[in-house]
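S.K.: Chain by chain, the residues run as shown.
Protein chains: 2
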Amino acid sequence: MAEMVRNKQVLLKNYVDGFPKESDMVVTSDATINLELPKNEPGSILTKNLYLSCDPMMRNRMTETYEGAYMDSFTPGSPLVGVGVSKIVDSTHPDFKKGDYITGHINWEEYSVIRDPQFLTKIHNTDVPLSYYTGILGMAGMTAYVGFYEFCSAKKGEYFFVSAASGAIGHIVGQFAKLAGCYVVGSAGSKEKVDLLKNKFGFDEGFNYKEEENLKATLKRYFPEGIDIYFDNVGGKMLDAVLPNMRLHGRIASCGMISQYNKLDQPEGVYNLQHVFFKRLKILGFTFYDFLHLYPKFYDLIFPLIREGKIEYLEHTAEGIENAPAALIGLFSGKNVGKQVVAVAHN
Amino acid sequence: MAEMVRNKQVLLKNYVDGFPKESDMVVTSDATINLELPKNEPGSILTKNLYLSCDPMMRNRMTETYEGAYMDSFTPGSPLVGVGVSKIVDSTHPDFKKGDYITGHINWEEYSVIRDPQFLTKIHNTDVPLSYYTGILGMAGMTAYVGFYEFCSAKKGEYFFVSAASGAIGHIVGQFAKLAGCYVVGSAGSKEKVDLLKNKFGFDEGFNYKEEENLKATLKRYFPEGIDIYFDNVGGKMLDAVLPNMRLHGRIASCGMISQYNKLDQPEGVYNLQHVFFKRLKILGFTFYDFLHLYPKFYDLIFPLIREGKIEYLEHTAEGIENAPAALIGLFSGKNVGKQVVAVAHN
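So the sequences go chain by chain: F and X.
For what it's worth, UniProt numbering labels the leading residue of the first sequence as 1, then goes sequentially.
For what it's worth, UniProt numbering labels the leading residue of the second sequence as 1, then goes sequentially.
Just chain F, same shape as in the assembly (with noise of 0.2 Å):
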C-alpha cells in the first residue's frame, strides 16, 4: 500500500543579485511524495536524501544569467540542485536496488524520484562516512587531487599557498602539498580557523586575512623566497598579491573565484598580470569535470590515507534540511570551517 509523505523541499525563490540571503530561498513542506514508485514505469528510482553538498559555485546558478555562463541556472520555484548522497528506497531500475547508496546531483528535497539514475554513481565503499562523498571523496577531494596532482608538479621543498585554506578543498589539498614535501602556507578568515590549518592540518603557517592590510606583503613575510605554487580558491585581491610574490616558472592552479561570485558584472581589478611573463608562469584554470576519469586513481590515492588516518577531514554539518539555506549562505560570509554538508537524514 502506497505511503504519502510530505517532502520537505528548498526552492529557490528569486534569481539573486550581489549577495545570496537565505529569503532567496524557501524550505516548503508543500508537495507530497509518494514512497512506493509505480511498477509500470521501469528505470526510475526513489530517493531519501541524506547529505546535500554546499558549494560556492551554486552560487552561480542563483543569477539569472552571466557571461560566461559554464552551468545552467536553477529555476525559480523549483529545488536547488547540488552533490548528494541518498539512500534508495524503491527502484524499478535493475541496475540500483532498495538500500543501496548513491552520489550524484539531486535535488534538494528530502525524497527524490529520479528517472535518469545511470548518471548517478553508486557506492561501493561503506566503511567511510556517507557523507564523505559529499566532500573528500567528491567534488573537493577531486579539485584537490585533480589540482595538485596533475597540475601543479609540486617538488620536494617547493613552496605551496593556498587561499580559503580551511575550507573544503583547501585544507585537502594543503595535506597534499604536505604530503609531497613543500612548504605550506595557507589563508582562512579567522584566528580559529589558522589554529586549524597548523595544529589540526599541520600547515607550516596560516594567516587570517581579514587582519592583514597589505596582502602582498604579508605574503613577502611568509614566503621570503617566493611562491611556486598557488592553489586558488578565491581569485581578485588576493590573486592580485600572489602575482609578484611568484618564482620563476611557478605555477596557480585556480579551481574557482568565490570572491568573485556576488559580483559578476563588477569583478575587481587584477594589475599584477605582468608578472605572468616576468615570471613565466602557468595558469590553469580547471574543473574536476573533465577529469572524471581520474576518479580510480583518485580512490587508490584517498581510501588508504583516510583509512590509515594519514588525512585529516574535516566536516561542518548542518542538521535537517530547514538549515540548509543558512548553511549556503555561510559559505560566502565564511562560516564554514572544513567542508559544509547539510543532513537531511542520517539513514
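In short, the hints are calculated from the structure, not lab data.
Possibly wrong hints are sitting among the right ones.
[Stated by the list, open to error] Cross-link-like lysine to aspartate or glutamate pairs, in silico, DMTMM-like; alpha carbons within 25 Å at most:
1. F:Lys220 / X:Glu268
2. F:Lys220 / X:Asp265
3. X:Lys216 / F:Asp265
4. F:Lys216 / X:Asp265
5. X:Lys282 / F:Asp265
6. F:Lys263 / X:Glu268
Following the hints, complete the assembly by docking chain X onto the known chain F.
M.R.: Below, chain X without anything else, positioned relative to chain F:
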C-alpha cells in the same frame, strides 16, 4: 700597425620613468677603438657591429629597478645592450676567426671588444639576409615558434587571435597559425598595418584597435564562435577584452606585455579573470631564453619556409646608429611595421 677609429655608441643617459624619449639616450663619438686586438690577450674578439635589434623588453632594462625584474638594468653612461649581428674583424680566440659572423647580445656601438665570446653564436647559414638573425631567425622567430608549437596545441579550424599582429613576433606567429590551418585574426594600430595582415601575411581578418571603442564587442564580431588561442604581445586592456571571448579550454600564450612596460608602477587592471575558471583556460608566460635547446628544431622548420618563400618576413630598417634611439622609441608608439632593426653597417 694598429688603426684607431672613432667608435659611435648609444649610451643610456638616465634611468627612464614612464614613456621613454630619444633624449633618454645619447649618441656619442667620444670613444675610440683600436681595430687590432693586442696579441698578448688571447680569448677575445673584435667585432664590427652590423645589425641591432630593437625589442620592447629593452624598455624594462632602462628602469633602475622594478618589481619582478627579470633582466639586469642598463647602466647610465654605458651603451645599451641588445641582440645583434656582427662581423669579426680580429680574433685571438681559437673558435672565432676574422670574417666570421656572430649573433648574440652586443653593445649598441659600431665596434666592440668581446672578452667572453663563448656566449655568442656563430652564424653558419649566410644565404639569407644577415639581419634576419635579429628577428625571424632570432628572438622574434623563436618566441613565435616556442609559444605556438610548444604551448598552443593548435588544431586545424581553431580560432586564433594575435595582438600587435604586424609586429616582429605577431606577423610570424600569425603565419604559423595559418600554416596549421587556424582561422587567424590580428589587431594592429593603423589601417596600413591591417592591410598588410590581410594582403601580405595571409591573415583571414584584421582590425585597427585604435578605432574600436569596445574591444570586447569587436572581438565578438570577429570571433562569433569565440577564441581558442590568444597569442598575447600586449597585456592590459586587450587581454581583458579577450578573456570573456575565450572558448572552453582555450589557451593564452603571453610573451610580453608592451602595453604595460611604460607604467609598471601603475599597471592597468584586468577584470575578467573569472573566465580563466569558467572556461578552464591555460595561460603561459614564457620567454624563448628557457627554450634555447629548441633552436635546431626551429631552424629545421624556419629555413625551408624562408627559402621556399612560404613565410613573409617584414623588416623595418633604420639606417645608421644615429637613428637607433628613435627606432627604439618608435616601438612604443607603434611606428614600426614588422621587425624594427637598426643597420649600423651592411658589411
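S.K.: Holds or violated: Lys282 (chain X) and Asp265 (chain F), Cα atoms, limit 25 Å.
M.R.: Judged against 25 Å, a Cα distance of about 23 Å means the pair holds.
S.K.: With the threshold set at 25 Å, check whether the alpha-carbon distance from Lys216 (chain X) to Asp265 (chain F) stays at or below it.
M.R.: holds (14 Å)
S.K.: Please verify whether Lys216 (chain F) and Asp265 (chain X) have alpha carbons no more than 25 Å apart.
M.R.: holds (14 Å)
S.K.: Given the hint that Lys220 (chain F) pairs with Glu268 (chain X), does the C-alpha gap stay at or below 25 Å?
M.R.: holds (22 Å)
S.K.: For Lys263 (chain F) and Glu268 (chain X), compute the direct alpha-carbon distance and say whether it is at most 25 Å.
M.R.: holds (20 Å)
S.K.: Would the pair Lys220 (chain F) and Asp265 (chain X) pass a check requiring their Cα atoms to be no farther apart than 25 Å?
M.R.: OK: Lys220 (chain F) and Asp265 (chain X) at ~18 Å, within 25 Å.
Every hint, counting from the list given before, is met by this structure.
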